Amino acid sequence: MAELPRTKQRPVERGGAGLGRAAGAARGGAAPLPLPPPLGRPRVRFKCGLSGPVLDVLRCRPGWQQARNEEEWDFLWCDVSWLRENFDHMYLEEHVRICHFRNHYELSRKNYLVKNLKRFRKQLEREGGKLEAARCDFFPKTFELPSEYHLFVEEFRKKPGTTWIMKPVGRSQGKGIFLFRKLKDIFDWKMVSMAVCCLGSAQLGSFPGLSFLSFHQRVILLSCAGLV
1 MAELPRTKQR PVERGGAGLG RAAGAARGGA APLPLPPPLG RPRVRFKCGL SGPVLDVLRC
61 RPGWQQARNE EEWDFLWCDV SWLRENFDHM YLEEHVRICH FRNHYELSRK NYLVKNLKRF
121 RKQLEREGGK LEAARCDFFP KTFELPSEYH LFVEEFRKKP GTTWIMKPVG RSQGKGIFLF
181 RKLKDIFDWK MVSMAVCCLG SAQLGSFPGL SFLSFHQRVI LLSCAGLV
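Under UniProt numbering, the first residue of the sequence shown is numbered 1, with each subsequent residue one higher.
Keeping only pairs whose Cα atoms sit at most 30 Å apart, straight-line, the calculated DSS-like set for lysine-lysine is:
#, residue 1, residue 2
1, Lys118, Lys159
2, Lys130, Lys159
3, Lys182, Lys115
4, Lys141, Lys182
5, Lys190, Lys115
6, Lys118, Lys175
7, Lys159, Lys175
8, Lys158, Lys115
9, Lys130, Lys115
10, Lys159, Lys184
11, Lys184, Lys115
12, Lys158, Lys184
13, Lys184, Lys118
14, Lys122, Lys158
15, Lys159, Lys190
16, Lys122, Lys190
17, Lys158, Lys141
18, Lys130, Lys158
19, Lys158, Lys190
20, Lys141, Lys190
21, Lys118, Lys130
22, Lys141, Lys175
23, Lys158, Lys118
24, Lys182, Lys158
25, Lys118, Lys190
26, Lys184, Lys141
27, Lys141, Lys130
28, Lys115, Lys159
29, Lys159, Lys141
30, Lys122, Lys141
31, Lys190, Lys175
32, Lys115, Lys141
33, Lys115, Lys175
34, Lys182, Lys118
35, Lys158, Lys175
36, Lys182, Lys159
Treat the hints as calculated values from the structure; they're not laboratory data. Note that the structure is a prediction, hence the values are computed from the model and not measured.
Modelling step: build the complete structure from the supplied sequences, incorporating the hints.
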């Protein structure tokens, strides 16, 4: 597999293993002509280790230019495996960005996400009181199986007739998700790593006639400077 050229880097000062290389081949063929960059904005040089729509979108962004061979780059669209293999062995200039951050699983895995939300809510309560912590009450009551199975059963029995949703903690695109109202429906799943969320009747009533439900929190990002 061809290697992606790397950006301008310096070796890691402590125990660095040299400069990392981005693995993955960019799709061949002539790229579409990019639109001219907005006035006063320099071109963004990018590398992409994937093919398909992602590469097409990057090529067509105004002011974005695909770096070739050993040219330096400002933005790299890579996969998670490249991040694990290379990030600890390279130094990126301050302006350089890649599309993942090092501990991304703390937000992308459902069990870690709810754990961090609960921790953040407790921190808000300690620092600002219960009124401040109430601002974090935007996600449903959630339990992780199998470690919190007994806590879940206790809560389940307090709310008979409530619809719950079961989600695998490490899957995406709706795979493995199902709704249930009886404990016997999850007997075969109680020892599998899953996240169980409570759905009230008001939430379900907002989607009449739908056979598949997906609930997401929407967040507006004012800046992506937090990405590495």
